[in-house]
Structure formats: structure tokens, C-alpha cells
Amino acid sequence: MGDRTAKVDVAIVGAGPAGLWAGISASGAGAVVSVIDENLRPGGQLVKQIHKFFGSAQHHAGQRGMAIASGLYHQAEAAGCRFSLNRRVYGVYGRGPFRLAMATEGGTEYLDARSLILATGASENALAFPGWTLPGVMTAGAIQTLVNLQRVVPGHRVLMIGAGNVGLIVSYQLLLAGISVAAVVDSKPDVGGYWVHAAKLAKAGVPLLTGHTILGVRGEERVRSALVKDLRSPRQPVEIAVDTVCLAVGMTPSVRLVSLLGGHLVFEGGKGGFVPAGGETVSGIPGLFAAGDASGVAEASIAMEEGKMAGICASRYLGLISEKEEQEKSRGIRETLAELRQPVRPVREEFSPSLSLFSSPVRRVIMECPQEIPCNPCEKNCPRGAIKIGRPITNRPQVDHALCSGCGNCVAVCPGMACYLLEYDRGGEKAKLSFAYEGWPLVHRGDWVMAVAGDGRKLGRVQVEKVKSLKAYSATSVVTVAAGPELAPYIRGMARGENG
Amino acid sequence: MLQHEGNRIVHHPILGEWKPRAGVTIFYNGRPILAQEGDTIAAALLAAGISVLRYTKKRREPRGIFCAIGQCSDCIMTVNGEPNVRTCITPVENGMKVCSEESQWKAGDDQF
Ligand SMILES: Cc1cc2nc3c(=O)[nH]c(=O)nc-3n(C[C@H](O)[C@H](O)[C@H](O)COP(=O)(O)OP(=O)(O)OC[C@H]3O[C@@H](n4cnc5c(N)ncnc54)[C@H](O)[C@@H]3O)c2cc1C
Ligand code: FES
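Residue numbers (UniProt numbering), protein chains in the order written: chain B, 1 to 500; chain V, 1 to 112.
Please keep in mind that the hints were generated in silico from the structure rather than gathered at the bench. Note that the structure is predicted; figures quoted are calculated from it, not measured. There's no promise every hint is true.
[Stated by the list, open to error] Once the Cα atoms are required to be at most 30 Å apart in a straight line, the calculated DSS-like pairs of lysine-lysine come out as:
{"#": "1", "chain 1": "V", "residue 1": "Lys58", "chain 2": "V", "residue 2": "Lys97"}
{"#": "2", "chain 1": "B", "residue 1": "Lys388", "chain 2": "B", "residue 2": "Lys466"}
{"#": "3", "chain 1": "B", "residue 1": "Lys468", "chain 2": "V", "residue 2": "Lys97"}
{"#": "4", "chain 1": "V", "residue 1": "Lys19", "chain 2": "B", "residue 2": "Lys471"}
{"#": "5", "chain 1": "B", "residue 1": "Lys458", "chain 2": "B", "residue 2": "Lys430"}
{"#": "6", "chain 1": "B", "residue 1": "Lys388", "chain 2": "B", "residue 2": "Lys324"}
Whenever a hint applies, use it, and build me the whole structure from the sequences.
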């Protein structure tokens, strides 16, 4: 393949949410933009995410990751970005312009860019313990690739290591695929991920073993069991029969291209490791910018805002926008980022909504959302304005029950599946509870199902009164069950298969 | 299990029903394996119940899929005579010959 060197104003490496937004923003300012990604499908991490994203509705939270990916891709294409997929950038030479070397199936291709935005995301950390090389030990990303993209069963019973959001969400994705999760293990004393994601697993009866660690796995040709130790107790480790151990032990920003260019890196533990110094403008290298998980592991809403910002900085560097325009455009982004980046504290005490709340014979929305997390699809999808979060986005939702019409939109859209509707008849003798359900088998009106409490306890068999599955709910159903008035307030879902 | 046919996830509440793709036969150490177009080699082997993809040269330890995105090289096999192919990112082709790497070993390889 001869030396066909194309030239662009801005090259963006990585077509995840950060890279796509960087492209939309730089194209919008009039730059000729090329977005490069090693995968065939644009979207980065989002492509494998089949759950409804938590985050701000403005950043498409409430939609499933894979849908957000295709939406952003079309937006970037419409903005005029060119895409070079199935190409891995393995080298960058020179600084003015940056010359990128891309590995393709046919050999190397080159691209000259006046400005370069690195939106390369993050790579998964591994964890070594005796037996960790045995088949059956794999990363959370591997599990997602096999289950959600290849539709192959990686194993029938999985031990999840890591109770951060990735470990919690991938465990839930395993349950959706009909694969059982023996437990989630984390050495920290608290669940690191969001309370609502842990609650989904608790409802399904999956033990959350915080303060525990994995000592090793046993097996000859494949994992047969794992040894798990309670770190606070002198007792012997327990042996848990599993055929798969999934590692969800954090991610490290992918900064190799920054290093190649001689960019300065600084260590920031809270961001996952070494990150480019200087934030979105990589210090010391004019024209080089970084965004998204590559500049600090966070989440998709943040990646999108950082991408926008990098696109603006690159446009300013190229003289496509004035300093004043740059300042105007970036002010709002900085505010949003400050709001999204607020630290999330664990929920320490056992959370239970006050029961006196339920005694009056009316309709109630129960929001089991005890943690200040950056998430607001419930507010944005309430047609009556009955739910208030406001700003900052980390506020907990407040419900005006008098305004609620009982439509169930919040129940369906909440990425944490943490909204419920409780209704009593006039006499207060009969009650109904509605919850979000995504699962196999499908449920139908008239079915008898096993109701479960928030901790997975089986509460007894109840009859399904209604199943509402609108297209807008995107594969989530709002299931209403009838139960006695003493039982109904405690129902949080129904058992499914083995894990319930 | 209800949602699975063999090791294939056929019913999925979010992703919908699995639409089988055209059948492809690959040969794993000479043994015919039925795969589907679009499968990676490693996924096709896993679907057929094979999780050991190779043994290490020095210590003869089994290895299988670890990252599934072409980053770790745990899944390398000899494909149509070419050694060290990452099977987790290489799609199957009809008639493909896939061998675990020990077929390439020579006597004394484990003596280090
Ligand atoms: C299981 C899981 C669940 C999550 N759930 C949520 C959620 O509910 N809400 C939320 O807000 N966030 C969630 N996140 C986080 C979110 O997905 C990430 O923060 C976000 O995708 C980061 O975007 P990015 O564009 O920086 O990187 P990525 O999405 O990782 O994209 C980077 C892209 O760059 C490509 N690339 C890297 N290097 C090169 C190179 N040299 N050449 C070519 N291409 C290259 C990569 O292949 C990749 O496609 C989740 C993450 C995981 C793993
Ligand atoms: S499993 Fe890691 S490269 Fe294939």
C-alpha cells in the first residue's frame, strides 16, 4: 500500500462517546475531521452496554448504551465527520502536523492532522491470584463481548470480583442472559458502585460480599471453584463452586499515544492511574488534546462533555473560532462537568423508606434512590412534573404525590429500576404494586409469580394484574401485581429462574 | 437452561431472539465443529464446549479466553498453518483449520 497520506484538520483517535462528541463539536466549527477506531462498529464501550445508562437525560441517560452509540454516530456523520474504522493507530510521528500510522488489514495507512484529539478510553485491569490463568477466569469486558455481542455462554455460574459499577452492571447483564451469579466479591468495606445497581442484584438474591477477597481458584482444565475469604473474620476461606470468575477490578486510562509523543503524565489515583497533565489540553504539546476515559476514568456523560470541550479547544487552536467564542462555548461545559464530577459517597446505613408513608389510601411513587448520584431520567420523563431533582443533578428525587397520575414512566425509565408505584383501593383493603421488569421468561396478565423483597427474600405468590410494555420503554415492562395491603409495600420485584 | 440452546443464548429479554446465521464448518485439531458465520474462532469453540484453547510451551498450563478483544494473547492458536493467531478477534471461515499450538512443539521446548 503506497504512501497515500490523507490530510485533515483534526484527527480523533477513538469513536467512543468522547471521540464522537469531539467530532461533532469540531465539525460544527468547520473543521475537516477524521474519527479513527480499531473496531468495526463505532461507539467504544457503549456498543457492549445493553443496560439503560444512568446519568443525565441531556446525555441520553435512560437509553441503552448500544442505542446511545448509534445515535451519536449518526449525529457525528450528519455533522460531517469522516470515519476510519477497523484501523488501529500504532504510531504518531512529528508534531506539526501529527502524522498517524494506522494498522489496517492491507498494511499501514498514514494520516496528517494539524490537531490531534486522543479519546482512546481505558483498558481493564487484571488481578493475579493462584490459578488466575486457568480458562474460566476472564475480564468483565470479555464476558460482555461473549454474552452481549457473540451470544455465547461463557460459563454457567459466575463469581464476580469487584463491586464497582462495572462489576454490578455486568452481573446484572449475566442475569439477563440466564447465567447465574454466585456472588459479588469486593475487598472494600462498602459497595463502590451505585446503591441502585447493587439493589438490582440484591433483589435477585445475589450475595454482595464486601470485605471479602478471592484467595485463588481450583480446577485442572477449567475453573471448578473459588476460595473466598472474609477479611474481617479469622475463619477459613469458603470454597464456592463456580466455573467462571469475572474480573471487574478497575480500568486504567489508555495513554500510550500521549507517551509516544513525549507528553507529560501525572498519577491521579482517583482517575485510574497516569493521565495526561493539563486536562483536555495536554500540556507542552500544542494542538494535542485528550478527552473521556483516556484523561481519567469516569462515565459517559462526562466523556461526552470532555469530548465537546476538546473539539472546541482544537477549533480554537486552528483559528476556526475566536477566543470569545471559545470562552462562551466552554463556560456551560465547565459548569456541567463540575456538577457531574461531584464525589459519590457510599450509602452506609441500611436503607428503608419510612412505612408510615404508605398508610394513606392513595397512589404513591416509591423512589428507593438513597444516594446522591448524577442521574435524572425520572425527572425528565415525568409528564406531570411531579418529580424534582433540579441542580445539581446529584440531588435526590423529590416526589409531589398529588401531581402523580400513576403513568409508570419513571418506573420504566429509571436506570436503577428503583421506582415503584403503590396503589390502594378506596377501602384500603386491596393493594397493587408496580415494578420494572426485564427478564426471561416474559410475564403475562393473570400469571402467578413469586414476589420478592428488596433483599431477595421470597414474600409469597401473587397474581399479575397488568403488564405494560410500551415501545418507549425499550424492552422494560412495568408489571403490576395485586397483594394484600400489608405485603404490597414490601414487594420490589419477582423471582426469575435460578437466581431469584 | 431455558434461555440457552447448548451454549448459545437464544432467548434474550433485551437483545431479542437469536437469529442463526449461515452454518460454517471449522476443524479443531482435525475434528469438525459447526460454527456460524460472524462467530470469532474462540466464541465458536466455546459454543462447542471447548474452553482450553492452548497449553503453554514451558509449563504446559491450559489457557482460554481472557480479554476477548485481542489485547492479551491468551487465546492464540495456529490457524490454517499460521501460528500465534488471536482467535478471539478472528472470524471463522468455512473449512478453516484451527490447531492448539502444541502441535507445533518440538522435543525439548519445555526445557528452560
Ligand atoms: C460495564 C460498563 C457499564 C457502564 N455503564 C455506564 C453507565 O450506565 N453510565 C455511564 O455514564 N457510563 C457507563 N460506563 C462508562 C462509559 O462506558 C465510559 O465512561 C465511556 O464509554 C468512556 O468513553 P470514551 O469515549 O472515553 O472511551 P471508550 O468508550 O472506551 O472508547 C474508546 C475507543 O477508542 C478505541 N481506541 C483506543 N485506542 C485506539 C487506537 N490506538 N487506535 C484506534 N482506536 C483506539 C477503543 O477501541 C474504543 O473504541 C460503563 C462502562 C462499563 C465498562
Ligand atoms: S483473549 Fe485476549 S487476545 Fe484473545
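Each hint, compared with the structure:
{"no.": "1", "hint": "V:Lys58 x V:Lys97", "in the structure": "24 Å, holds"}
{"no.": "2", "hint": "B:Lys388 x B:Lys466", "in the structure": "27 Å, holds"}
{"no.": "3", "hint": "B:Lys468 x V:Lys97", "in the structure": "50 Å, violated"}
{"no.": "4", "hint": "V:Lys19 x B:Lys471", "in the structure": "21 Å, holds"}
{"no.": "5", "hint": "B:Lys458 x B:Lys430", "in the structure": "20 Å, holds"}
{"no.": "6", "hint": "B:Lys388 x B:Lys324", "in the structure": "35 Å, violated"}
Hint compliance for this structure: hints 3 and 6 are not met, and every other hint is.
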